[in-house]
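S.K.: Starting from the known structure of chain C, arrange chain G with the ligands on it as the hints suggest.
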Amino acid sequence: MAPRAVRVGSARFRMDDLLQTTINGIASGSIYALGAIGLSLVYAILKLVNFAHGDFMTLGGYVAFAVNVSLGMPLVVAIAAAVVAVAVLGLVTEELIWRPMRKRGAGLMQMLLLSIGLAFVLRNLILLTWTGESRKLNVDDTASYGIGIGRVSLLQILVIGIAAAALVGVGLLLTRTYVGKSMRALSDSFDLAEVSGIDTKRVVTYTWILGGGLAGLAGVLAAVFTTLTPNMGWTLLLGIFAAIILGGIGNPFGALVGGLALGLVQEWSTNFVEPTYKEAIGFAVLILALLFRPNGLLGHATRTG
Amino acid sequence: MSADEPTSPDEAPVDTPITEAAVDDQVTTADVAETVVSDDLDVVQPVLRAEHLVGGYVPEVDILRGCDLTAADGEIVVVVGPNGAGKSTLIKAIFGLITPREGRVYLRDADITGTPANRINGLGMSYVPQVNNVFPSLTIHENLQMGAAKRRKGMDARIEEMYELFPRLRERRRNRAEGLSGGERQMLAVARALMPQPSVLLLDEPSAGLAPKAVAEVFETVKRVNDSGVTIVMIEQNARAALAIANRGYVLEGGQNRFTGRGVDLLNDPHVAELYLGGAAD
Ligand SMILES: Nc1ncnc2c1ncn2[C@@H]1O[C@H](COP(=O)(O)OP(=O)(O)O)[C@@H](O)[C@H]1O
Ligand SMILES: [Mg+2]
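From first to last, the protein sequence lines stand for chains C and G.
Counting with our numbering, you get residues 4 to 308 for the letters of the first sequence.
Counting with our numbering, you get residues 7 to 288 for the letters of the second sequence.
Chain C on its own, in the form it takes in the complex (with noise of 0.2 Å):
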């Protein structure tokens, strides 16, 4: 295999450049799932758009980089510190705002609005709190491993293996247990869960931490492969509402694809035209997509009432 590869010089360089925009597409595809999930389940179940939850990522990551670079602790505890970091803090939000405006019969817009308005205040902390310096957590970046096609970074194996165990998890989640397929129940239809006796309110704190716990992991997977800013979440949120567009909204398998898909494109087209394009790349497959599959990659064709 890899005689051959050397011998047919300019074809060779090709193939490593596939291998390396693929598997940095993978991670970032994974990145953008794991926003995803969350930010989906809850617009799904609660009709919320949540405009904060690209700052819940950010705030995972910082987390991470509290306990990782300021406190000098591993990075497993890192992740997990950011996890349950922002599990807490999505469980906080549904207790303190988003339940009581949904008492009020707040409607969509107005919790739109109030999500921005989060979104801003949760940015202006952590701006104050860790300043706009960027900052690079305590892993690796020099360390590579040869795989016989080519090569990957440590940064690369961390954020894949990582991603893709808790997707896996997740995927486990909302086919094998109950809580999981409740959560997809109420993303069909909240009212029939309701009168289904399902107990929607559990149902819905147990989404808040899931998509809380998620959004942290993302957020820390995206300040090692990335750089750590105050801005890191808010941009990427814009990357994370096409996938869920992409792969069909309210759903969390969806989502999934969604985000790997739109990961992998963006990543490819580096091989053919200047990386700053990439972003404009991925809004033109979504545009694409939808013109074949208005409901999205695993969207229904239609709805059934």
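Just to be clear, a hint being listed does not mean it is correct.
[To be verified] Straight-line alpha carbon distances no greater than 35 Å define the calculated DSBU-like cross-link-like pairs of lysine-lysine that follow: (1) C:K50 to C:K204; (2) G:K159 to C:K50; (3) G:K229 to G:K159; (4) C:K50 to C:K281; (5) G:K159 to C:K204; (6) C:K106 to C:K50; (7) C:K106 to G:K159; (8) C:K106 to C:K204.
Just so you know, the hints here were simulated from the structure itself, not pulled from any lab data.
M.R.: Only chain G with the ligands this time, still in chain C's reference frame:
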């Protein structure tokens, strides 16, 4: 001209002026006395009793204006009436989806007025809404599991019983509910509602929008479920077919009871036939 013909017997609009103008005027104005067309209808120990329900969706507008409904153990009770009569609202008030301003709802001896729907489910009464009554992206099996919220221990055995009752659901257990035909979807909705082993099942127009063959299947299903001991309270647009299998029937209009009686007696009553069933049978 065909355009002038009523679309179908069960959809014949009641607000169309009919010869008995005096009766009709009363219908459109307020507070008509309820006509009981059968005698000895009283029940000593009803399983479900709604008494003089008044209320609606917003405080200012009463959709229900003094509705009563009684179901004895093991009965099929059918509620008919024109569109907008308040039939669905009556069922929602019984199931705690809206809280009536006046009146009470009793399930056996318990006063359940104002108890949220979510809890009524665990008290022995289930409800199948007219639309959106299955979880489309969940499989048939998962839909049944979602019906079992309160009885997770005996869940698998109960699902097995549902598959015995509806073998077609077993065949498709791994399929998503969105792929089911209209008739199968109603079956699944009923099976889901039966999961907590209710003694009373509320059905809102289970045959609406179905092909004739599927309509017959739904009525067959209802009878089968009733044979297993479940009391049925069912709203139906297919009024003739429904009253034919009803032990007790109610004609509702303007949020009030208009006629009450055994199913057959209502079918044979000339006023009911004229006003609500699109003319006399045969
Ligand atoms: N969710 C709702 N909010 C406000 N009004 C409603 C709602 N649902 C029904 N109504 C009104 O209540 C009245 C009775 O409706 P409904 O009980 O659905 O009638 P039926 O089931 O007999 O056709 C109608 O005038 C309808 O417009
Ligand atoms: Mg109705």
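S.K.: Each hint should be assessed against the structure and marked as holding or not.
M.R.: Hint-by-hint comparison with the structure:
1. Restraint check: the Cα-Cα separation between K50 (chain C) and K204 (chain C) comes to about 15 Å, which is no more than 35 Å; the hinted pair holds.
2. Taking the CA atoms of K159 (chain G) and K50 (chain C), the gap is near 32 Å; set against the 35 Å cutoff, the hint holds.
3. The straight-line distance between the Cα atoms of K229 (chain G) and K159 (chain G) is roughly 28 Å, inside the 35 Å bound, and the hint therefore holds.
4. Between K50 (chain C) and K281 (chain C) the alpha-carbon distance is near 30 Å, which keeps this suggested pair within the 35 Å criterion.
5. Restraint check: the Cα-Cα separation between K159 (chain G) and K204 (chain C) comes to about 21 Å, which is no more than 35 Å; the hinted pair holds.
6. Distance hint between K106 (chain C) and K50 (chain C) is fulfilled; the C-alpha atoms sit about 14 Å from each other, no more than 35 Å.
7. Under the criterion of a C-alpha separation no larger than 35 Å, the hint pairing K106 (chain C) with K159 (chain G) is consistent with the structure, at around 33 Å.
8. Only pairs whose Cα atoms come within 35 Å are accepted, and K106 (chain C) paired with K204 (chain C) is accepted, the gap being roughly 12 Å.
Against the hints set out earlier in the document, no violation occurs for any number.
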